[in-house]
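Engineer: One letter stands for each residue in the lines below.
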Amino acid sequence: MGLSVVTLVSLSLPYDQLEFAYIAHNLIQSVGGFLLCAPLRTAIKQSWSWSPWNRVLTASALTIVGAALWTAFRLQLLMTLTDETGLWGDFGGWFFASLFVFLAWVLLYHLVKFAQLLQGEKETLLVLEAGRRKEAFKLVSAESAAREAQLKLLRYQLNPHFLFNTLNSIASLVSTRRSQDAQSMIAELSTFLRFSLESDRNITIPLRDEIEALDLYLRIEQVRFSDRLIVEQEIDPRALPVKVPSLLLQPLVENAIKHAIGRAEEGGHILITAKLTDQQLVLSVEDSGSGEDGKQPELSDLFETPGFGLRSTAERLENLYGDGFSFNASTSRLGGLKLALHLPTRGNPK
Amino acid sequence: MTQSLRVLIVDDEPLALDYMETLLESVPDVNIVGRCRSGREALATLQQKTVDLMFLDIQMPGLNGLDVVKRCQSDVMPVVVFATAYDEYAVRAFEANAVDYLLKPFVAERVSEAVLRAKDRLLSVALQSGKEAAVAAIAGLEGGSELLAGDAQDKPTRLPIKDGPHTHLVELETIDWIDAAGDYMCVHAGNQTYILRSTMKELEKKLTSEFVRIHRSTIVNLNKVRSVDAIPKGECLLHLDDDVSLKVSRNYRSAVQDLMG
Numbered sequence: 378m379g380l381s382v383v384t385l386v387s388l389s390l391p392y393d394q395l396e397f398a399y400i401a402h403n404l405i406q407s408v409g410g411f412l413l414c415a416p417l418r419t420a421i422k423q424s425w426s427w428s429p430w431n432r433v434l435t436a437s438a439l440t441i442v443g444a445a446l447w448t449a450f451r452l453q454l455l456m457t458l459t460d461e462t463g464l465w466g467d468f469g470g471w472f473f474a475s476l477f478v479f480l481a482w483v484l485l486y487h488l489v490k491f492a493q494l495l496q497g498e499k500e501t502l503l504v505l506e507a508g509r510r511k512e513a514f515k516l517v518s519a520e521s522a523a524r525e526a527q528l529k530l531l532r533y534q535l536n537p538h539f540l541f542n543t544l545n546s547i548a549s550l551v552s553t554r555r556s557q558d559a560q561s562m563i564a565e566l567s568t569f570l571r572f573s574l575e576s577d578r579n580i581t582i583p584l585r586d587e588i589e590a591l592d593l594y595l596r597i598e599q600v601r602f603s604d605r606l607i608v609e610q611e612i613d614p615r616a617l618p619v620k621v622p623s624l625l626l627q628p629l630v631e632n633a634i635k636h637a638i639g640r641a642e643e644g645g646h647i648l649i650t651a652k653l654t655d656q657q658l659v660l661s662v663e664d665s666g667s668g669e670d671g672k673q674p675e676l677s678d679l680f681e682t683p684g685f686g687l688r689s690t691a692e693r694l695e696n697l698y699g700d701g702f703s704f705n706a707s708t709s710r711l712g713g714l715k716l717a718l719h720l721p722t723r724g725n726p727k
Numbered sequence: 011m012t013q014s015l016r017v018l019i020v021d022d023e024p025l026a027l028d029y030m031e032t033l034l035e036s037v038p039d040v041n042i043v044g045r046c047r048s049g050r051e052a053l054a055t056l057q058q059k060t061v062d063l064m065f066l067d068i069q070m071p072g073l074n075g076l077d078v079v080k081r082c083q084s085d086v087m088p089v090v091v092f093a094t095a096y097d098e099y100a101v102r103a104f105e106a107n108a109v110d111y112l113l114k115p116f117v118a119e120r121v122s123e124a125v126l127r128a129k130d131r132l133l134s135v136a137l138q139s140g141k142e143a144a145v146a147a148i149a150g151l152e153g154g155s156e157l158l159a160g161d162a163q164d165k166p167t168r169l170p171i172k173d174g175p176h177t178h179l180v181e182l183e184t185i186d187w188i189d190a191a192g193d194y195m196c197v198h199a200g201n202q203t204y205i206l207r208s209t210m211k212e213l214e215k216k217l218t219s220e221f222v223r224i225h226r227s228t229i230v231n232l233n234k235v236r237s238v239d240a241i242p243k244g245e246c247l248l249h250l251d252d253d254v255s256l257k258v259s260r261n262y263r264s265a266v267q268d269l270m271g
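Chains as they are written, first to last, in the numbering used here: chain W, 378 to 727; chain Z, 11 to 271.
Please note that the accuracy of each hint is not assured.
Cut-off 20 Å, straight-line C-alpha distance, at most; resulting in silico cross-link-like pairs (EDC-like, lysine to aspartate or glutamate) [unchecked claim]:
#1 LYS652/W - ASP586/W
#2 LYS635/W - ASP77/Z
#3 LYS216/Z - GLU181/Z
#4 LYS635/W - GLU98/Z
#5 LYS635/W - ASP97/Z
Just so you know, the hints here were simulated from the structure itself, not pulled from any lab data.
Isolated chain W, as found in the complex (with noise of 0.2 Å):
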């Protein structure tokens, strides 16, 4: 707007007639384009959003029709101030000027409009792919969250002391010719690495493939403490179908190992059981103790107690079941711990 007072006022300049009159002319010739330019503006404001073609008519348009109104508004106005009369016949003159002013105006007020929109937009982009940075880090530290988490439960399965211990047996096995042996212990253990690997954190699978697996386990365990170590089961077949998130029981049931068989010098008894209730399946690890007195944590402290992994197991029904199952310990009969878990039969786990 500013610059089409500046416009008008400097082309008015070399008519150079510098009388009180004419000067007011000038001036109030300048206000008029000016006070025209206003719904020029909206007028070109509103055609902002049709096909351009439409827009440089619609521009045009109010050019000429701009530019006769203030020719017509500015003879008129040097006719009343001064003496000067019969200047209509000059008209054509006048408004052939008007129309440059007029012009240069309107695509002064384009060419403002284009730069405003042509930063906004570039604004928009650099939000936009700020914005689109911010996520991709976001999905990759969420990846690199979850393959951690996955490594980590990997590594709590596959326990280095078991692994290595393994290996040795099964070199035992070789070295003594024992080949059938050590051959199955190989299957077991391969089959069992497997089992690990492709186990999914987040799903379930039927009590009688936790159970096979868990069974694999065991077998590798029993033949490295061979007559120190006792495992019983009760099992209900009834419970065999019903779905369990898959390694469930192998870790608790490494902890009795580590904790209680492999304290013990006299070795001792694992007893696992599987009940169906009307609601719920009962799944319970209870083992014969360690043998050293006050070495055993309470009971309270166990599930905060670094090492036997006890929160992570519910931290991962919670995140399955919300609060529809139940993990508690208390002291077996068999004299060391028992670990029972209270899960819900139906309703899927997410």
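Using the hints provided, position chain Z relative to the given structure of chain W.
Structural biologist: Here is chain Z on its own, set in the frame of chain W:
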């Protein structure tokens, strides 16, 4: 040294024992004198038989390998080669103290190398007992303590053992026996073993008269002795509570003569 090496194998897993035995059979000049499936069994065997080299598993139920080293009388302690499946901290401590160790699964070459090293160790005059290097490694693992300096004690019936910022005040009457392993002294009180940096002389100054020397590196609290057995070569065996047995050498036999009446 043409005499064969007397070897004891200690592991809780029968297969691991079998494997080590098989591997040792192909190493020349090795005579396996025993196989033990627990730390307690190993300690008893070491008092009955003379053993030059012991392959000792660390992860065992009851007394683990490190407990066995701590509780074994310095004077009957053979050279020790530790065996472990996975224990990076222990391995680091062993490396620092030049104690040999084997990782599971065992490899034949490493086993014969360990035997050779043990032979060298046994030949070296500097070595006082097999316990020396092993105890140094355990002290490195657990952070060794030391005897609180200063002769003026407020209570001469206690032994002040400084363990970092802690000072344990161990009542002398609770101490069963003490043995020396190189730069360290092992003070055994009930189920606890304190490993502290000290010399036999320094420690003896702080002890009362019921503590007597029964071997080059062993001191016993006579009040804790439950029975005495005479064994060949003029030696004898003292039995304390908790299945602890200690050998008395001929040179120090007079110290316990009174007990036998």
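Engineer: Can the restraint linking LYS216/Z and GLU181/Z be considered satisfied, given a maximum Cα separation of 20 Å?
Structural biologist: Holds, at about 12 Å.
Engineer: Would the hint linking LYS635/W and ASP77/Z be met if the CA-CA limit is 20 Å?
Structural biologist: Distance ~18 Å between LYS635/W and ASP77/Z Cα, so the pair holds.
Engineer: Tell me if the straight-line CA distance from LYS635/W to ASP97/Z falls inside 20 Å.
Structural biologist: Roughly 15 Å separates the two Cα atoms, so the pair holds.
Engineer: Is LYS652/W close enough to ASP586/W, meaning Cα to Cα at most 20 Å?
Structural biologist: With Cα atoms ~16 Å apart, LYS652/W and ASP586/W stay inside 20 Å; holds.
Engineer: CA of LYS635/W to CA of GLU98/Z, is that 20 Å or under?
Structural biologist: holds (18 Å)
The structure shown violates none of the earlier numbered hints.
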